[in-house]
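Student: Listed below are the residues making up each chain.
Protein chains: 2
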Amino acid sequence: MSAFNASPGASLDEWRSKASFDGGKMRAILQGGEDKLRLKDEYWQIMEKDPLFKKPNRHLSMEESRLLTHQRWKKVLEYGLPCDMYANYEGFSAFSDVLEEYDKGLQARIQLHSGVFVGALSSMGTERHKELIEKANRNQIIGCFCLTELSHGSNTQAIQTTATYEKGQLVFRSPHIGAMKVWSGNLAQSATHALVFAQLYVGGKCEGVHGFVVQVRDEKTHRVLPGLRIGDMGEKPGHFNCIENGWMLFEDYRCSTDALLNKGCDITADGRYVHAFKSDRDKRSVSLGALSMGRIGIVGMGVNACRAAATIGIRYSAVRKQFGPPDGDELPILTYPLQRRRLLPILAASICMGLFQDKMIDLFSQYMARLLSGEKSDELVELSKEVHGLSSCTKPRATWLGVAALAEARAACGGHGFLYISRLNELRDTYDPSQTFEGENNILAQQASNYLLSQKKQGIVSSPMGTTDFLQTRPISFKGWNADSLENVIAAYEWLLHYTLTKTEKALEDRKRRGDDAFTARNETQIDTAHPLALAYAELTMIKWAEEAVKEIEDVKCRSVLHQVVRLFAVSQLQPHLTLLYIGGYCTGPEFGTRVKEEQLALERSLSPECVALVDAIASPDFAVASALGTSDGRAYENMVADFFSREVDRAPFADDLLRVIEANKTKPKL
Amino acid sequence: MSAFNASPGASLDEWRSKASFDGGKMRAILQGGEDKLRLKDEYWQIMEKDPLFKKPNRHLSMEESRLLTHQRWKKVLEYGLPCDMYANYEGFSAFSDVLEEYDKGLQARIQLHSGVFVGALSSMGTERHKELIEKANRNQIIGCFCLTELSHGSNTQAIQTTATYEKGQLVFRSPHIGAMKVWSGNLAQSATHALVFAQLYVGGKCEGVHGFVVQVRDEKTHRVLPGLRIGDMGEKPGHFNCIENGWMLFEDYRCSTDALLNKGCDITADGRYVHAFKSDRDKRSVSLGALSMGRIGIVGMGVNACRAAATIGIRYSAVRKQFGPPDGDELPILTYPLQRRRLLPILAASICMGLFQDKMIDLFSQYMARLLSGEKSDELVELSKEVHGLSSCTKPRATWLGVAALAEARAACGGHGFLYISRLNELRDTYDPSQTFEGENNILAQQASNYLLSQKKQGIVSSPMGTTDFLQTRPISFKGWNADSLENVIAAYEWLLHYTLTKTEKALEDRKRRGDDAFTARNETQIDTAHPLALAYAELTMIKWAEEAVKEIEDVKCRSVLHQVVRLFAVSQLQPHLTLLYIGGYCTGPEFGTRVKEEQLALERSLSPECVALVDAIASPDFAVASALGTSDGRAYENMVADFFSREVDRAPFADDLLRVIEANKTKPKL
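Residue numbers (UniProt numbering), protein chains in the order written: chain A, 1 to 671; chain B, 1 to 671.
There could be a bad hint or two in this list.
Intra- or inter-copy, both count: the list cannot distinguish identical chains.
Taking lysine to aspartate or glutamate and the DMTMM-like style, the derived pairs with C-alpha atoms no more than 20 Å apart in a straight line are [to be verified]:
| id | residue 1 | residue 2 |
| --- | --- | --- |
| 1 | K220 | D657 |
| 2 | K278 | D378 |
| 3 | K205 | D327 |
No lab work stands behind these hints, which were simulated from the structure alone.
Kindly produce the complete structure, drawing on both the sequences and the hints.
Tutor: In structure tokens:
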């Protein structure tokens, strides 16, 4: 059995040798630049050396996974890894990427406190909340965020928890089970404080949804405070099982009025509600920025989901051999066009959405700086709307792609993809809720179409970031295929945006003319009109920004390959819109559709020798991917066998019982 | 807090009252007729009464889930529930349906022994294996099936385990780790016997892949026999975690030549290999029937996946209220067109694919009876090919739809869909491998296009079941919309079949003319040609057979609603093909595409008042669905809250440790 040492798989290094570019350069380009990459590698090494960060080869129980996350969180503090955005932005940014790639659960454990809780306190609180922020930053208190209620998720303005001003205090109540706060990460076991949203009542009048910070557990005993009931929501699939999502009920819970996050409003000493908001819309815009930040971050979940799918799927498919020409060896399955079709567009999406997100974060940081500096300009208002519109459709686009990518990668890895140690199902389950949180994708995308409709209605044809500049162009139908496929795709998208925008506008008007209210009219004009409009807007912007980023790359070879990657992303995104392009009359006859399809096949073929090296450039370290199928040494079979050998069985735990059944069956009379 | 008793959800009974048909009649129609339904209900009641069949509200560890499955298997034997197809076909058929709906893992535990092991022994063995079959039927031995190897799944002809005739015995060897038998359910802990496929060597000559039955564990001790190594493959996602999928290595394992399943071949006493096969193809056709049976069964997994998705998704969406007109109550989300789009096509797919599968099983049983009777006719050969072709594309179509349905249902249920107690992620993971086993979908679908290509090439324009009768028609492009939308859809599909068949044929010829071998040519002509051809063939047959079944329904009201359901299934299946219909010139301009899209919207609207009652007609009992969101009483919120209240938390298990960290942070100098 000496042949036991020979791998039945093909060599990854052989694939690597086919690439046309320098791997190190590509890696820096695709991982945020050399400085960021150096920091990332530093953090990766700290984690890899510590056995606590080794991923177990089995599903942990809820209790086990939460304890492990608690221990890992302590280690992160112990190592002084950067969790505070304001104290060390570069470090924070690099470490955030590392956490996102490593484990969504641990990332959430840290981010819900350091990012979401502190962020909301900072943006909605005032001087009187500074001390709490300081304590939170030093982890002397643990925060959580309570907005969603059992019966209100998307419609946050209708939440039903009340905070009533009574005798100089605020009294919190949950009027019925539907008002139970739910899904609050860190609440069930760790949190000492909660950021709570509730309807504020002063003098018997409802002043609408406000934010409050309240203590939920005793500082000394860590027991839940009187007037509150807190519990766990049970198990969830994937990494998020390690997050203690909690529920909370208020039973006449009293606290000081200091709990009110009073930026722009307050309760006076004599019990009156005062505010500086011009309108409800104005009040809501305070938190608009913070909400966009969450969504832009979640675009990164789509990037990471595609990254993991491409890493595991492509490496395994490069190694796995199956079938071959009648008189030849079996071929790596990645050489089959059908297998390339399943995986290369995922790789392209990860890279292009990553480049898009890098730029988006840059622009958003500049925007936030202007906002925090107190700037008040019409251009900033326009920018707010644009950031909101763009994040509302790119978050759905990226997360839908990411979850679909992991599902496809599992299937593309065949039966072995279904092993726990492939990690693909666990990853799919982990990324699954990204389609829902911070705005259910289908509902969120409506914000983008609403933005475009409103811009058009107001006759605003340009925008600060330039994403609506297509409004200045006249839509021209297809005249002939351009040598650069990207120009064809962009022209088609611009036409499609005009078409779906005009069609949605008209459909809305028709509905209103026939007596529908605005609410009904909007709901009836989503499918086939507003929805593809929002997606096309997201996709075109991603494609354009990715291409702009690639144009700026100095290294010729890297740039050349990435130009192809952008083109593959572009044609693969356009494919599902072909029907509308034909129905709407952008094109007739076979040429346009056939060209798009041929272009995608050709790009998948030409990128085939590059793809293993491209995966190396985006992949997380092996200990973080932790997939038997996706290690960088290409030893998928050996990894599986090592795990299998550790599970050799002689007798089942229930063997005696089984023998009893078998014996009994031997003596049982025949039926 | 008296309002705690008021549900924040809408009433399912109100939805039910809108339906136009009799629920009891519909239930019998959609669950295989009154007799079968009566048996199903009887078995359901036996299981529901036994606490062992209550589903736990948490993920079980691998050990726990396997023990539970072992115990449930014992109960199934104890209750004498019908597992033997030949002893009691009606009971077996009804109980199989119950098991499939209840738990795929338990179903597999039973089916792998009673169906797959016994079935293979029966079809490939002879008189000398009768005793083993008898023992297996009485559960005096436990069987498993070992075909797949670590490095060979799809390409089964290339497996590398060897069975060598030496000195009157057979010696089994695994020449390298790639030849390790893997994925064999029941092998790791329970099996006493295995159905093993290996390359047979007699007199130094390889006679190709043969089936053997070998004993793997000692009868008295249940220990693994010498010469074998057996182990577990570790955890899997979903229900299949309870199946002990095993691996096995042969280290000069010796046994009698009786192990050879010798139908049509044998090893003589003087050590010569003899056979009655005319060709390799002929030899393989022995098992063709059995393989089709597996696939036809798996179409049912697609049906059940859609059934579960529709049950949970539609019931929850009928209850869940969110948003509403400015001055009105919030509306059940199922009233929004976008939500209907997500769920109603799933309901339609479950119903139509179910009707298709009922007919397919009927026809297949007749086919098998003819085969077993020893009939040898040209028509039976044609029927074999047709059964193979049709099962090879309907299995992929159904399982892809099923898995996608569960993913969509989870997202359509929003955040609460992500709770373990919604079961949707677990169900998705459970059905996930149906896309891979008994033929990876993408590879399997090629068998269907190959069948159609070969029929056309041979000029055979009709088939025993009539599925290729489209070959007799002349493809006519779209002339105008017919009043009955189904006629439009069928005409478009028939055109599409001609188009993709001709295109695939031409592409293959082009490839061969340019010097490609047949293998390469086939691989290069899948995407955009052979693949959509196979899918269109599956979909059109499903649509036609579902419509035929509906036409035979006596009850006017049920028939009328189901006619609409078939039409919804038809237009929703056709939508992804619109691009090819335009590229190929079936239609030009907006009419055809717009009509298809409008028709789908209109059908979703008209079926909206029927859908909750339709779900009742296909749903499994509440204890089997076991989803907090999908109970038939519509008390989704109450179910969630009951689970949450059972998880009330005062202090975390790691509270003391957490307090220590917090204390330490208080005294730590500021960074």
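Student: Check each numbered hint from earlier against the structure, then list the numbers of those it violates in ascending order.
Tutor: Of the numbered hints, all hold.
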